[in-house]
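*Asks:* Let the hints inform the model, and build the full structure from the sequences given.
For reference, the chains in residue letters:
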Amino acid sequence: MTTLLDLSNFLPDSKIHNTNEAEKIKIDSVATLYQNKPNSITYVSEKSYQNDAKKSSASAILTLHGWESLFENKPVITVAHVDLALIEILNLFFPPKTPTNNRGQYIVIHPSAIIGENTEIGNFVSIAENTKIGKNCKISDGAKIASNVTIGDNSIIGPNCVLYDNVKIGKNFISFANSTIGGEGFRYIDHKTILFRVPQVGTVVIGDDVRIGSNTSIDRGGIDDTLIGDGTKIDNDVQIAHNVKIGKHVIVAGATAIAGSAVIEDYCKISGACAVGDHITLPSGTMLAGGSGIRNTPPKKDIYAGWDWNLTFMEFQKFRANVKHILNLNKIVKKIKDIEEKLGIKEQI
Amino acid sequence: MTTLLDLSNFLPDSKIHNTNEAEKIKIDSVATLYQNKPNSITYVSEKSYQNDAKKSSASAILTLHGWESLFENKPVITVAHVDLALIEILNLFFPPKTPTNNRGQYIVIHPSAIIGENTEIGNFVSIAENTKIGKNCKISDGAKIASNVTIGDNSIIGPNCVLYDNVKIGKNFISFANSTIGGEGFRYIDHKTILFRVPQVGTVVIGDDVRIGSNTSIDRGGIDDTLIGDGTKIDNDVQIAHNVKIGKHVIVAGATAIAGSAVIEDYCKISGACAVGDHITLPSGTMLAGGSGIRNTPPKKDIYAGWDWNLTFMEFQKFRANVKHILNLNKIVKKIKDIEEKLGIKEQI
Amino acid sequence: MTTLLDLSNFLPDSKIHNTNEAEKIKIDSVATLYQNKPNSITYVSEKSYQNDAKKSSASAILTLHGWESLFENKPVITVAHVDLALIEILNLFFPPKTPTNNRGQYIVIHPSAIIGENTEIGNFVSIAENTKIGKNCKISDGAKIASNVTIGDNSIIGPNCVLYDNVKIGKNFISFANSTIGGEGFRYIDHKTILFRVPQVGTVVIGDDVRIGSNTSIDRGGIDDTLIGDGTKIDNDVQIAHNVKIGKHVIVAGATAIAGSAVIEDYCKISGACAVGDHITLPSGTMLAGGSGIRNTPPKKDIYAGWDWNLTFMEFQKFRANVKHILNLNKIVKKIKDIEEKLGIKEQI
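First to last, the sequence lines map onto chains A, B and C. Start counting the first sequence at 1; every next residue gets the next number (our numbering). Start counting the second sequence at 1; every next residue gets the next number (our numbering). Start counting the third sequence at 1; every next residue gets the next number (our numbering).
It should be emphasised that the hints constitute simulated quantities derived from the structure, not laboratory data. Source: prediction; values computed, not measured. Any given hint could be a false lead.
For chains that are exact copies, the list does not tell them apart, and a pair is met inside one copy or across any two.
Straight-line C-alpha distance at most 30 angstroms; calculated DSS-like pairs for lysine-lysine [what the hints assert, rightly or not]:
1) Lys26 <-> Lys168
2) Lys301 <-> Lys26
3) Lys97 <-> Lys335
4) Lys337 <-> Lys324
5) Lys171 <-> Lys300
6) Lys300 <-> Lys248
7) Lys334 <-> Lys15
*Replies:* Put into structure tokens, the structure is as follows:
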């Protein structure tokens with residue numbers, strides 16, 4: 001059983017406040033402010049939650065250095081960065097499973113495939129010729145890995161994921177269930193009304209520390225490759241078309257679609273349900289608000305919103321504030337006509 | 001062979017009209033108004049289809065009490081609710097398959113898993129430790145069910161669906177193929193340009209009578225759980241992020257995305273291709289028109305449309321009617337300048 | 001090893017320019033303008049790439065008859081249609097795999113199923129009763145094919161694809177991984193707040209030469225069938241609801257959703273991330289710009305853009321150009337009030 005004092009020792013730069021009995025406060029879980037979990041720690045990183053935190057039944061509150069007085073008599077542990085400390089506490093209480101070198105049942109591994117040591121392979125997995133999988137990996141149930149694929153060390157391939165031929169994946173990769181990497185790019189030539197398929201002979205090359213959600217598709221390149229840079233995180237139900245180049249440490253949230261040959265430079269953050277047009281470039285650090293569309297390369301790094309209107313998020317908020325006037329544009333036009341008539345100005349529109 | 005008279009006996013409150021020979025009119029199928037199917041019954045629940053129904057080659061028409069005279073000499077059977085009667089007739093002619101207690105080939109069931117009686121398990125299924133599946137269920141080919149999962153009686157898990165650890169599902173559940181329940185929520189902390197993964201230790205808790213389409217993802221909660229209430233129906237290609245709370249009897253149509261921690265209260269109806277922002281609440285009974293986005297909690301229950309504009313559907317229709325004026329705003333602005341000049345008003349914009 | 005001369009012989013109507021030693025120029029691959037691949041051919045079909053092509057390290061350039069002088073001393077091969085020639089060259093250097101009549105491991109084929117000659121079946125495949133698969137097909141690893149399905153000759157079913165009962169597919173079909181064909185349509189009747197499921201007893205009927213991407217869903221019809229016409233190509237992450245009728249040679253790009261009973265006539269081109277409303281008809285040859293929504297049948301064939309605003313793409317561009325004025329509508333309204341006041345016009349809005 002962990003105590004608040006143990007947690008304090010576990011988090012080197014933390015401090016305990018509002019209690020002299022930290023060694024008696026038992027903590028064995030993490031709770032939101034609204035869960036009634038005994039022996040739990042909760043966390044506050046915005047002052048607006050001060051009152052909810054005071055009412056919480058958690059045994060202690062994790063918050064920022066200097067905020068300890070916000071919570072009156074509640075035991076508090078303060079740190080320099082709440083979210084990073086929370087990650088450490090969660091990993092303490094819920095340690096991630098480590099791969100074993102188990103083999104599941106009903107697996108089909110080509111004799112030429114190379115599997116690293118301590119890599120776990122689930123049930124119903126196929127691994128085709130010349131594929132190389134690193135060490136300490138987990139290939140989950142039902143994953144289908146085609147030929148000449150490379151997967152780096154410490155990677156997890158989710159259940160029922162499909163990796164097509166030649167896909168290259170770096171270290172520390174994670175994918176969740178039912179995702180497809182390396183399916184064929186969508187390019188057809190319309191000639192005399194018949195659609196001719198252009199062979200797609202590139203592949204997908206993924207850097208280190210990349211994460212892919214569930215039910216996501218990443219197409220292979222047409223001639224050169226589709227690229228996903230180091231540290232990039234992609235959510236569920238995302239569509240990434242052929243020849244897209246995504247840089248490093250990029251966020252792509254759920255249900256977003258990125259069209260062919262788009263370039264997403266490093267540190268971009270694309271919210272959910274966005275649509276990024278083909279052959280455009282999002283400059284490094286660009287952000288898209290949720291549900292936005294963008295069909296032209298924006299002039300510079302900024303936060304964009306709306307549907308291909310070149311509006312920054314601040315401008316989009318002005319748009320929103322003016323929407324009610326759009327509903328009256330017919331009356332506005334009528335008023336102008338009346339004024340023009342009164343002034344004897346000749347009609348132009 | 002069923003006759004119109006048999007159907008009338010099968011539907012207790014129905015009445016036959018326009019024929020004296022209902023026992024001679026054979027009906028063994030259901031047809032749309034435009035299918036040429038012999039021995040079929042068709043159905044009309046809007047008067048605008050009156051003429052199409054008269055031309056239909058169906059042997060009889062199912063419609064509302066009091067509408068029998070709309071179809072001249074066509075045999076008609078009237079009921080209080082056309083769609084509910086149609087459901088009963090469809091179930092009569094196309095009885096749903098009932099599960100057997102068959103076991104498919106190549107299945108991997110952990111010895112600690114508990115499978116209820118009369119539950120059918122397809123081929124290539126894995127069921128991990130401590131999972132409990134109710135009775136009269138069907139686990140379809142290729143389903144992968146992880147550890148500590150609970151599935152209630154009379155449930156169907158579609159082919160190749162993946163259920164991650166700890167997911168809890170009520171009775172009478174149905175999912176269609178290639179859906180993922182309990183994949184990891186998407187939360188990363190950006191610290192000095194590195195994206196740190198926040199462990200997601202909640203799960204997904206699903207009530208009774210819930211339906212999930214194909215290729216849909218429902219993420220597990222971060223600390224507490226993602227919730228789907230009783231009677232809620234979710235379509236294909238839907239993305240439901242971590243900590244979303246969906247109430248009872250909610251509709252979520254295809255290709256909609258719901259961002260993290262959104263609350264969708266009971267009886268909401270979300271049409272297809274919508275985007276619901278994170279941490280907002282849709283009040284009970286709220287409807288979203290197809291293709292709408294919403295990023296702020298709306299002030300009250302209503303039908304909303306547009307992209308985060310706080311427009312009701314009626315207001316959106318006024319927006320649409322005024323769009324043509326937006327195309328001329330440059331000219332409108334010019335006219336105002338001309339008027340101001342003529343009047344000697346000093347330029348302000 | 002292929003030479004430029006060999007390529008010229010391979011492409012009957014081609015001509016070589018800017019070199020007298022075509023038999024010495026070795027070509028064994030295709031490159032983009034920016035890849036540094038030795039012994040490769042690159043291609044130019046827009047004059048704006050003239051300078052990039054001159055700088056390219058490719059050994060020869062494929063371009064249009066008459067454009068040979070654009071590239072100075074670079075060896076050039078000209079043709080009547082660059083993209084069609086490119087397809088032929090790609091198929092020469094990267095010949096598609098042909099199916100064998102191999103059988104994978106762990107397969108479950110019902111004795112009543114009929115499999116055509118020279119059809120390859122991967123690992124972990126199930127094929128249920130009365131299903132008929134043509135010759136020269138490939139059924140990839142993990143595909144689950146239910147009962148009474150028909151698949152025409154020369155078809156490829158991608159890994160982990162699921163085909164429900166009764167689906168009919170023509171010749172030369174391709175699907176990529178994790179797609180679902182024939183899942184249940186989404187129709188519920190809301191009666192006294194309970195949602196009643198309407199049985200979906202139609203199926204999906206797909207013509208010849210159709211292509212489906214990965215993670216795509218096509219629902220079966222309610223009473224009659226969902227239809228996909230000959231030559232139609234559908235991308236990844238597409239949602240096609242019940243009773244949709246798609247004509248011939250239609251393009252549907254990634255992440256698009258088509259709602260129930262919509263009709264997409266022949267030769268339509270729907271870009272990515274579009275939403276098409278239920279029960280509407282897109283006239284033959286209609287195009288939708290990326291990220292567009294359409295909820296009403298458009299008056300005629302055209303290119304449409306925007307969200308249900310009846311705007312052609314040309315009009316949408318005028319909309320975009322005027323968006324900045326929307327941000328000032330409050331000031332415009334104020335100006336009109338000031339003018340009205342000055343003129344003594346009585347306030348109306």
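*Asks:* What hints, given by number in increasing order, does this structure fail?
*Replies:* As far as the earlier hints go, 2, 3, 5, 7 are violated by this structure, in ascending order.
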